[in-house]
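When the count follows the UniProt record's numbering, it moves up by one through the sequence shown with no breaks and lands on 893 for the last residue.
It is worth saying that the hints were derived from the structure and are not from the lab.
Some clues are possibly wrong.
BS3-like mimics (lysine-lysine), calculated; alpha carbons at most 30 Å apart, straight line [as the list claims (entries may be wrong)]:
#  : residue 1 : residue 2
1  : Lys196    : Lys162
2  : Lys718    : Lys291
3  : Lys242    : Lys196
4  : Lys254    : Lys240
5  : Lys298    : Lys379
6  : Lys595    : Lys682
7  : Lys291    : Lys443
8  : Lys50     : Lys22
9  : Lys464    : Lys535
10 : Lys405    : Lys498
11 : Lys379    : Lys405
12 : Lys443    : Lys245
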Amino acid sequence: MFNLLLNRRSNITSQYKQTLQKINQISNDMQSWPDIQLQQQTHKLKKYLKDGKSLNNILPEAFATVKETCRRIKGLTMFNVQILGGIILHEGNITEMKTGEGKTLVATLPAYLNALKNQGVHIITVNDYLAKRDSEWVYPIYNFLNISVGLVEQNMSTELKKFNYQQDITYITNSEVGFDYLRDNMAINQNQIVQKDFNFCIIDEVDSILIDEARTPLIISGPSYVATDKYKKSYLLSTKLKETKDYNIDEKAKNITLTDEGIIFCEKFLEIDNIYQIQDPWAQYILNALKAQNLFIKDRHYIVKDNEVIIVDEFTGRIMQGRRWSDGLHQAIEAKENVQIQNENHTLASITYQHFFLLYSKLSGMTGTASTEAQEFEKIYNINVKEVPTNKICIRQDLPDLVYKREYDKWIAIANECYDMYQIGRPVLVGTTNVEKSELLAKLLNEYDIPYNLLNAKPENVKKEAEIIAQAGQSNTITISTNMAGRGTDIILGGNPKEMSKLIIVKTIQKPNKDFKNNNDTYKDLHIEIQSLIKNMISELNQNQFFEKLKDQTISSYVEKALNVREESNNIDIILQNTYKNILNIYTNIFEEDKNKVIKLGGLHVIGTERHESRRIDNQLRGRAGRQGDPGSSRFFLSLEDNLLRIFGGDKIINIMESLNIDDQTPIESKILSNSLNNAQKKVELHYYDIRKQLFDYDEVLNSQRQAIYAERKRILKSQYIRDCIIEYGESTIDEILSFYFNNTKDRSANHILINDIKQKINTILNLPPEIDNKCIRNMEIEEIRLFLYEQFRITYDMREAYLDQLRPGLVRQLEKYYLLQQIDKAWQEHLEKMAYLRESIGWRSYGQQDPLTEYKNEAFSLFINMITYIRETVSYLIMRSRLVMDPQNIKM
1 MFNLLLNRRS
11 NITSQYKQTL
21 QKINQISNDM
31 QSWPDIQLQQ
41 QTHKLKKYLK
51 DGKSLNNILP
61 EAFATVKETC
71 RRIKGLTMFN
81 VQILGGIILH
91 EGNITEMKTG
101 EGKTLVATLP
111 AYLNALKNQG
121 VHIITVNDYL
131 AKRDSEWVYP
141 IYNFLNISVG
151 LVEQNMSTEL
161 KKFNYQQDIT
171 YITNSEVGFD
181 YLRDNMAINQ
191 NQIVQKDFNF
201 CIIDEVDSIL
211 IDEARTPLII
221 SGPSYVATDK
231 YKKSYLLSTK
241 LKETKDYNID
251 EKAKNITLTD
261 EGIIFCEKFL
271 EIDNIYQIQD
281 PWAQYILNAL
291 KAQNLFIKDR
301 HYIVKDNEVI
311 IVDEFTGRIM
321 QGRRWSDGLH
331 QAIEAKENVQ
341 IQNENHTLAS
351 ITYQHFFLLY
361 SKLSGMTGTA
371 STEAQEFEKI
381 YNINVKEVPT
391 NKICIRQDLP
401 DLVYKREYDK
411 WIAIANECYD
421 MYQIGRPVLV
431 GTTNVEKSEL
441 LAKLLNEYDI
451 PYNLLNAKPE
461 NVKKEAEIIA
471 QAGQSNTITI
481 STNMAGRGTD
491 IILGGNPKEM
501 SKLIIVKTIQ
511 KPNKDFKNNN
521 DTYKDLHIEI
531 QSLIKNMISE
541 LNQNQFFEKL
551 KDQTISSYVE
561 KALNVREESN
571 NIDIILQNTY
581 KNILNIYTNI
591 FEEDKNKVIK
601 LGGLHVIGTE
611 RHESRRIDNQ
621 LRGRAGRQGD
631 PGSSRFFLSL
641 EDNLLRIFGG
651 DKIINIMESL
661 NIDDQTPIES
671 KILSNSLNNA
681 QKKVELHYYD
691 IRKQLFDYDE
701 VLNSQRQAIY
711 AERKRILKSQ
721 YIRDCIIEYG
731 ESTIDEILSF
741 YFNNTKDRSA
751 NHILINDIKQ
761 KINTILNLPP
771 EIDNKCIRNM
781 EIEEIRLFLY
791 EQFRITYDMR
801 EAYLDQLRPG
811 LVRQLEKYYL
821 LQQIDKAWQE
831 HLEKMAYLRE
841 SIGWRSYGQQ
851 DPLTEYKNEA
861 FSLFINMITY
871 IRETVSYLIM
881 RSRLVMDPQN
891 IKM
């Protein structure tokens with residue numbers, strides 16, 4: 001196994017050996033350069049590009065520039081594996097780098113290189129905390145090289161978002177960049193558009209975003225005013241229904257179906273004839289109420305905060321503020337929790353992550369765990385996964401799983417393991433799958449009188465996240481955390497001196513400084529020298545009137561920037577820098593001593609309390625131990641009552657346990673069990689892959705329509721003169737009317753009837769004069785009629801334009817754009833609803849031996865053609881028939 005690892009390392013390194021040597025040689029030469037010469041590199045490299053060189057030509061020099069800048073600004077020298085990761089990202093691949101290998105720094109290499117083209121680079125993270133933290137941490141590197149950095153956050157103003165998107169490199173979350181794209185394509189004027197064309201994208205935790213979150217499309221909704229009493233009544237009804245008798249639960253598919261007996265009971269309870277009736281449907285409300293009661297559990301799938309139901313992300317354990325389940329499910333859960341039921345929404349715009357990220361001309365990503373999903377990345381996103389070796393060989397011990405019969409015995413065993421580790425002094429990280437389980441273990445440890453840190457989606461714990469992770473590697477520390485994906489902070493053995501030093505300064509400033517002397521309890525656990533340093537810092541900051549100028553929400557950002565300023569610092573920056581350096585020296589010595597102690601004990605011990613549905617999430621948890629060649633170990637404690645084993649494990653594992661005839665407290669440890677568990681996880685991964693693939697295939701149909709509509713909107717928004725577009729719509733309407741009547745009538749003798757019908761239809765829509773002589777056009781061929789009607793339409797439109805210009809010059813141009821955008825948006829929203837209904841019902845076609853996807857494509861095409869026809873006719877009608885009168889104050893329609 002060890003030889004295999006060495007072979008992998010040598011293969012990937014030898015592939016890029018010459019490039020790595022060149023980069024290192026150039027960066028070594030740059031060490032003697034003055035700062036000003038290094039800063040001029042950006043201008044020099046941009047000139048190379050203008051002179052015809054490609055990005056690949058200048059890659060060695062650009063990477064060397066970043067490497068040397070990083071050494072000067074951050075005091076960090078990049079490893080070869082980090083440079084290797086940067087090259088792989090630039091090539092448009094996924095870089096698999098283990099936890100603690102410095103992925104945040106790796107991203108600066110390809111980001112800088114691609115930013116030289118002045119087309120923008122997006123660095124996507126899984127949450128606002130990481131986007132903000134990463135942008136602030138790397139800002140000094142980019143700033144030194146004259147590369148601008150933007151950060152896009154929720155609730156930013158349009159102007160501020162636009163400014164940040166215009167920067168060379170923009171840090172943003174996956175959901176915000178997607179929603180901004182949808183909002184841009186709903187804009188009614190160009191000033192509301194914040195994004196520019198999509199160029200190059202680096203996705204952090206790429207598997208979490210492109211795989212885990214790809215099951216759910218991004219949706220922008222508008223309120224749909226539906227009475228909320230149905231939700232309350234449905235929940236009351238759901239509490240009276242009995243499982244197996246009235247309904248059945250399919251835990252694999254996370255679905256519920258009513259039995260015949262259940263349907264009859266519901267109809268009697270509601271006093272209606274049919275719960276599936278179209279005019280007043282009840283079935284969806286009842287099924288959502290049952291799902292809320294049976295499948296969605298408080299403190300696992302959601303929490304209730306400030307009388308509001310907030311979703312918990314199952315992959316990261318974080319709360320998803322502002323996100324809501326669709327199709328009435330969120331309202332059903334609000335009824336269950338007896339909180340205010342908010343209005344249901346209808347879709348205004350939507351896109352899947354798959355199709356959104358395919359808009360980038362070059363897409364890349366980085367994560368610690370991607371190889372298990374390599375096939376999906378290649379098939380759907382057309383990107384390859386390349387594994388980068390660790391800087392030092394990983395020596396972590398992944399111990400075999402222990403499987404108990406009962407869940408209760410499993411938790412007792414976990415608590416005992418924590419107790420044993422605490423007694424010998426080893427730091428422990430316990431990964432739980434949800435809030436509920438993390439709090440259960442916390443209560444058990446309270447019984448054992450063992451101190452611990454709890455990190456889960458509860459707001460009071462989220463606030464302490466950075467501090468908890470910074471301390472998690474210290475001896476005698478027990479950390480309980482929900483899933484560790486996207487936490488973004490390394491667990492360093494002995495503790496993280498840099499993070500702790502920064503946190504002490506930020507926390508001190510955030511507290512009322514004048515009460516420091518009276519608040520010594522808050523600081524009693526700190527080293528006595530650090531307490532003295534903090535007191536001096538506060539005294540000096542008071543003298544500089546620092547606290548009067550600063551707002552609480554800017555403290556963290558201010559401190560981060562102040563600590564990275566290199567030249568011409570003001571008094572406050574100097575005070576903060578000196579305090580930080582002195583505290584860092586103390587913590588470095590303390591933590592280094594503790595690190596040596598922890599290493600001797602065996603390093604960080606990771607405990608998994610349940611196998612996740614995806615092997616990647618388990619690997620992310622294991623990867624927190626054994627960072628950068630450190631010792632460490634991991635073990636999973638499981639029970640036959642765990643969801644994965646119970647739903648997907650089958651009877652094989654249970655039969656093994658029963659045949660061995662062992663008691664409840666004795667665990668089983670065997671390869672057969674581990675293999676069965678891996679197979680169960682593969683089944684789940686395959687199941688979810690099928691769901692994502694199906695979503696991708698169906699959305700591909702909608703995506704081609706979406707791009708056509710968005711391209712038309714963009715064309716209209718950018719145009720200053722839209723008369724030609726209206727003329728085009730009017731002429732297309734004439735074509736469709738003529739085509740409809742002549743193609744559906746084979747009897748040429750019926751032309752006199754046709755002419756009347758055509759005249760009436762065209763007059764209704766296009767307001768053409770009724771005085772057109774029937775005899776004149778009856779003898780014309782269809783092509784002559786078409787050209788004649790075109791001419792009449794243009795004449796009528798000229799007269800219409802003259803009339804509107806008389807009311808107010810330029811009014812007709814405003815009306816054209818207004819009507820076009822209004823009707824496109826209205827028709828598109830209605831089309832999305834029809835497509836959703838079609839998607840739900842199309843599956844039944846399979847019973848008639850028809851391929852649902854093929855049928856969906858055919859039906860979708862017909863719906864799209866009908867929508868386009870509707871838009872053209874409605875816009876033409878509104879422009880040609882709107883009645884306007886002049887008012888002394890304004891113009892009314």
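Now the hints, each set against the structure:
1. Lys196 to Lys162: holds (9 Å)
2. Lys718 to Lys291: At roughly 46 Å apart (the allowed maximum being 30 Å), Lys291 and Lys718 break the hint.
3. Lys242 to Lys196: Between Lys242 and Lys196 the Cα gap is close to 54 Å, so the pair fails against 30 Å, i.e. violated.
4. Lys254 to Lys240: Roughly 21 Å between the alpha carbons, so the hint for Lys254 and Lys240 holds.
5. Lys298 to Lys379: violated (37 Å)
6. Lys595 to Lys682: violated (38 Å)
7. Lys291 to Lys443: holds (29 Å)
8. Lys50 to Lys22: Holds, at about 23 Å.
9. Lys464 to Lys535: holds (23 Å)
10. Lys405 to Lys498: violated (44 Å)
11. Lys379 to Lys405: Judged against 30 Å, a Cα distance of about 40 Å means the pair is violated.
12. Lys443 to Lys245: Roughly 37 Å separates the two Cα atoms, so the pair is violated.
Hints 2, 3, 5, 6, 10, 11, 12 from the earlier list are contradicted by this structure; the remaining hints agree with it.
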